[in-house]
Amino acid sequence: MDHRSKRRVLITGVGMTQFEKPKTKEWNYYDMGREAAHQALQDAGVPYDKVEAAVVSYCYGEPTCGQRALYELGLTGIPIFNVNNNCSSASSALMLAGELIKGGKDCVLAVGFEQMEAGLSSRYKEKVAPTKIHFDKMYDLGADSDLLPGLNEMTSEVIKIFAYSAREYIKKYNSVTKRDLSEISLKNRKHGSQNDRATKRSSPIPSIDDILKRTLCEPITLHMAAPTADGGAAALVCSEEFVRKNNLQMQSVEIAAQHMLTDLQSTFDKTFMDLCGYKLAKEAAQRCYNDSNISPSDVDVVELHDCFSCNELFMYEALGFAKEGHGMDLFRMGSWIKNKSGGEIYKMNNIVVNPSGGLESKGHPIGATGLGQCAELCWQLRGDAGKRQVDGARVGLQHNYGIGSACVVTLYKQYGLNSNL
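Per UniProt numbering, the very first residue in the sequence shown carries number 1; after that it's consecutive.
Derived by calculation from the structure, the hints in this document are not laboratory data.
Careful, some of the hints might be misleading.
Computed cross-link-like contacts, DSBU-like style, restricted to lysine-lysine with a CA-CA straight-line distance of at most 35 Å [stated by the list, open to error]:
id	residue 1	residue 2
1	K213	K279
2	K6	K25
3	K190	K23
4	K21	K245
5	K50	K245
6	K172	K25
7	K132	K323
8	K178	K270
9	K347	K323
10	K323	K279
11	K178	K387
12	K6	K323
13	K21	K340
14	K387	K338
15	K172	K347
16	K270	K137
Computed from a prediction, not measured in an experiment: that's the story for all the values here.
Generate the whole structure from the sequences, applying the supplied hints.
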């Protein structure tokens, strides 16, 4: 390990716009980026002219959208890198910002935004889609190759790859039902009702019977799927030297460990679950635990990639919170508890998962999602999450996945917290 990698990476400010249903608000991608970045800088109390570099994530946009968004804050000539890694784009931006800190920078801005349509889409239809190898393997494993009615190819096949994973899991363990998956969705909707930035913040909380209606691809229903959204999120990533020099210790959260994995040979071996990132999450999480001397039992709060409620169930196990086949047992032992801020959160053993409402309630502007998760965990560890607050939270875990594939797992801890928890 070289000297650079020993530099601590701290987040001193975060920002997140409201996530909105696509095309319901008059704004453009650069408005989202500017607003999120401004919030993060204001949160930290750091002016833009102290930022030495920026990493900007988005999926649906022309090259150099990051420049256009950040030029709204000033023309300072800093390096601006644009990142696209599908749904894990924003976590990729955060990771690259951290790598710049390890490499000698002191203050780097990570920003993500997305201006979306009602569903996913492919913009360059004359080119071979990078996800084609995943979809072809899905067909090889027995999935129907017909598109879901009324949906484009990208939206249809992403839904199917997770739906077939859920069928595989249910068949293997025979202890989970479609109704169980709806219970996870209901939990996330209740959490999201306390989040004034969530897309579904003012929508009525559905009943279990409502969630079970409108099947997209068995067993996934419309309410079990994360809605696309417009929005932005940002984090100001700094060195420990910068934090101390500017007296930012009290508001800083440390990235204790972070790993990204792309597809392994085993991704394409035998299972639908591995095609949508199960082994990647498991390996990335284990590397984070090993690097940080933090164990799953130390984690208080989790923001994970619930693009569909079944994936939240899978991740209970992949991230080390439950044994394989026992994720639903973890969920069933949970209970709603009141916090000191007058809100209610669903606590399972020692963890709360997706207090923000997750992607299912918050919405999924895919270039911003990972930084939205980061913002939530920083608020939680600072005690600033309001009615969503997990009282006493000291350690947080984030999981963000993009098919194609890239999986990023990040462990956060309160700055100054002893490594030997």
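Against the structure, the hints come out as follows:
Taking the CA atoms of K213 and K279, the gap is near 31 Å; set against the 35 Å cutoff, the hint holds. Pair hint K6 plus K25 does not hold up; C-alpha atoms about 44 Å apart against a cutoff of 35 Å. Distance restraint check for K190 and K23: the Cα-Cα separation of roughly 25 Å lies within the 35 Å cut-off, and the hinted pair is therefore satisfied. For the suggested pair K21 and K245, the alpha carbons sit about 41 Å apart, so the restraint of at most 35 Å is broken.
Restraint check for K50 and K245: the C-alpha separation of about 13 Å stays at or below 35 Å, so the hint holds. Between the alpha carbons of K172 and K25 the distance comes to roughly 44 Å, so the proposed pair goes past 35 Å and is violated. At most 35 Å may separate the alpha-carbon atoms for a hinted pair to count; K132 and K323 meet this at roughly 32 Å. The hinted pair formed by K178 and K270 meets the criterion: a straight-line CA distance of about 23 Å does not exceed 35 Å.
Taking the CA atoms of K347 and K323, the gap is about 18 Å. The hint holds against a cut of 35 Å. Taking the CA atoms of K323 and K279, the gap is about 14 Å. The hint holds against a cut of 35 Å. For the given pair, K178 sits about 29 Å from K387 by alpha-carbon distance, which is consistent with the 35 Å threshold. With a C-alpha separation of about 33 Å, the suggested pair K6 and K323 falls inside the 35 Å cut-off, and the hint holds.
Proposed proximity of K21 and K340 is supported: the alpha carbons are some 31 Å apart, at most 35 Å. The hinted pair formed by K387 and K338 meets the criterion: a straight-line CA distance of about 9 Å does not exceed 35 Å. A distance of roughly 27 Å separates the Cα atoms of K172 and K347; the hinted pair therefore holds under the 35 Å criterion. Under the criterion of a C-alpha separation no larger than 35 Å, the hint pairing K270 with K137 is consistent with the structure, at around 9 Å.
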